[in-house]
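There are 2 protein chains.
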Amino acid sequence: MKNRPAIYLLALAFSIFNLTALTAQERNIPERILPVPETVSSELKAMIAAGSAPFWNDHPASAQEWKAWVNELASQVIKELPALREAMKVKVTQATIADVKVFIVTPDEIAPENANRVLLHFHGGGYVLNPGEAATSEAIMVAGHSRIKVISVDYRMPPDFPYPAAMDDALAVYRQLVTQNEPARIGVFGTSTGGGMALALIHRIKTEGLLLPGAVAAGTPWSDLTKTGDSYYSNDTVDNVLVRYEGWLGDAAKLYANGHDLKDPQLSPVYGDFSVFPPTILVSGTRDLFLSNTVRVHRKLRNANISSDLIVFEGMSHAQYLFDANMPEAKEFLTEVDGFFNRHLKK
Amino acid sequence: MKNRPAIYLLALAFSIFNLTALTAQERNIPERILPVPETVSSELKAMIAAGSAPFWNDHPASAQEWKAWVNELASQVIKELPALREAMKVKVTQATIADVKVFIVTPDEIAPENANRVLLHFHGGGYVLNPGEAATSEAIMVAGHSRIKVISVDYRMPPDFPYPAAMDDALAVYRQLVTQNEPARIGVFGTSTGGGMALALIHRIKTEGLLLPGAVAAGTPWSDLTKTGDSYYSNDTVDNVLVRYEGWLGDAAKLYANGHDLKDPQLSPVYGDFSVFPPTILVSGTRDLFLSNTVRVHRKLRNANISSDLIVFEGMSHAQYLFDANMPEAKEFLTEVDGFFNRHLKK
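Protein chains in written order, with UniProt numbering: chain A, 1 to 347; chain B, 1 to 347.
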């Protein structure tokens, strides 16, 4: 069977075509029209029909421009937070843990099974967006839906604080947290950069010799900061949130890395060792630029015999399950994360 | 929170863009080059680099042309089978169950945990390809890898026997099987059309009031015979196996349906009721034209609280895990299916 191609219905196809394979390394995809799918909620249809995020191709050129850009976007997020907190029935207080700024999100009522559990949250935004209170929207949604206490880390970010500041902050908070909480009762989660940080934190915890948390939820994690992975190409322009690696995203990777190797597992956790890892749920969408970032981690976990669930939302671009708490897909996301933590965290 | 868009970092983006949403229903994707991904095995790289299946855009125009086309492709598959049987250490015998032709695939050695289990297999090929012995390649791989007895159904196909012949044959074999095997010890599986048939059979079993099998493995199932679902568009031409719905695939759907409603859950099982269903594992790839066919079923199962695992292979087009039994991704597929059946079938 060695080196034998195509034993199934394409036997002939690949036998012939392998002869010319060396001259056909790339695939030419013609221009085409992508309709709004009929197979998603009306809310997601509206997001898809809305076109590309208008700032996807912004390229701030100095520290000052980055800060102005980040602040403008953050101010828009913050405006929405009072209504979100009210709808999700949570209170948010600012605090400091191990000298790191955090937000503590407490639901009005904590579910009995979550009385002794706590979730640690890292926000998304390419290691540059969502400073301060803007960090808290996903934490508010999860805390309110699951009726569980969430600590959201307002980690330091570039341009002032590039790598490793964010990961140092993440570790410092976790190290303090385990002095007061049994690790098996701690869940770690985040989306996009937050999902990448959750994965990288596990690698770091192993290096530091600390006890692992009970479970991880990594939504469409930025697991590879280089443009490596098939969906960076196959979903180029198909994703209407990030749109392309060549937008602000690739700039943010370089700004954050600050000269460090982008393939270091602390920056691109897909390159880490997954042989010992907490149970992990991963979430993506069929149009997500980070679909490969997600499934590559899932395959590594499953091949290492780690319990890992994969969710892929139909027609969804990057992280859109966070954009409207009332969207059916958002409720499905919250229900999946709730069920996963409930199954895997110690009571 | 009602009708409020985008509470996360894209708050501004969607607030602005929703105003113009009605004029932006479609998305224009420019022409582009898709490189062979670095993130897959060398065997899969070769399959990707080989270009499109040369027969993807064949359009047999008469019953006679369909038969000639099917026979030519089947003869190529059959040539590979002796080596595959030898490598996988199985024997294949032809038999008849309830007047339906089947192949019984018996491994040289049956694993102790599988002594009282049996798997029921439906082959792929768009309801037209892989008649006779050509039906057996996936069955051979699974039987050999899991060391379990597999019954592969050589169901009737168009042009002579359109719908519902295939499903009638599937049901007849299952009905006979449960007279001699405890249903909880029976697993049902297949890829592509075979995956769709496995799902449709569960719907049919419920209608008939029979006991359900213990578990299902549906590889990239043809769950929607209409061109509905986002990846029919987003992975159009990206997938190098099926390539486009407008190839032989769409013709096969019509030939099989023979005037029946393509959205009948017996033809397109995604439209069925998933509220009572065996545990089900689903498999696809990031380039798969059937990625949406796969994840739509997964979402329906998870939303119905059915235990369901999703596997998405990096960079993989439709069903390529079956094309080379030595490819690492093929072994991962076989390992996942083996583990799933072992966890969910009664011993």
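To be clear, the hints were calculated from the coordinates, so they are not data collected in a lab. Please note that the accuracy of each hint is not assured.
Chain copies aren't distinguished; within one or between two, either way the pair holds.
[Unchecked claim] The calculated DSS-like cross-link candidates involving lysine-lysine, where the alpha carbons are at most 25 Å apart (straight line), are:
| hint | residue 1 | residue 2 |
| --- | --- | --- |
| 1 | K331 | K79 |
| 2 | K89 | K101 |
| 3 | K331 | K67 |
| 4 | K149 | K101 |
| 5 | K347 | K331 |
| 6 | K227 | K45 |
| 7 | K263 | K45 |
| 8 | K346 | K45 |
Now the hints, each set against the structure:
| no. | hint | in the structure |
| --- | --- | --- |
| 1 | K331 - K79 | within (22 Å within a copy, 51 Å between copies) |
| 2 | K89 - K101 | within (23 Å within a copy, 61 Å between copies) |
| 3 | K331 - K67 | neither (33 Å within a copy, 49 Å between copies) |
| 4 | K149 - K101 | within (16 Å within a copy, 59 Å between copies) |
| 5 | K347 - K331 | within (23 Å within a copy, 37 Å between copies) |
| 6 | K227 - K45 | between (28 Å within a copy, 18 Å between copies) |
| 7 | K263 - K45 | between (35 Å within a copy, 22 Å between copies) |
| 8 | K346 - K45 | neither (38 Å within a copy, 42 Å between copies) |
Consistency note: the structure conflicts with the earlier hints numbered 3 and 8.
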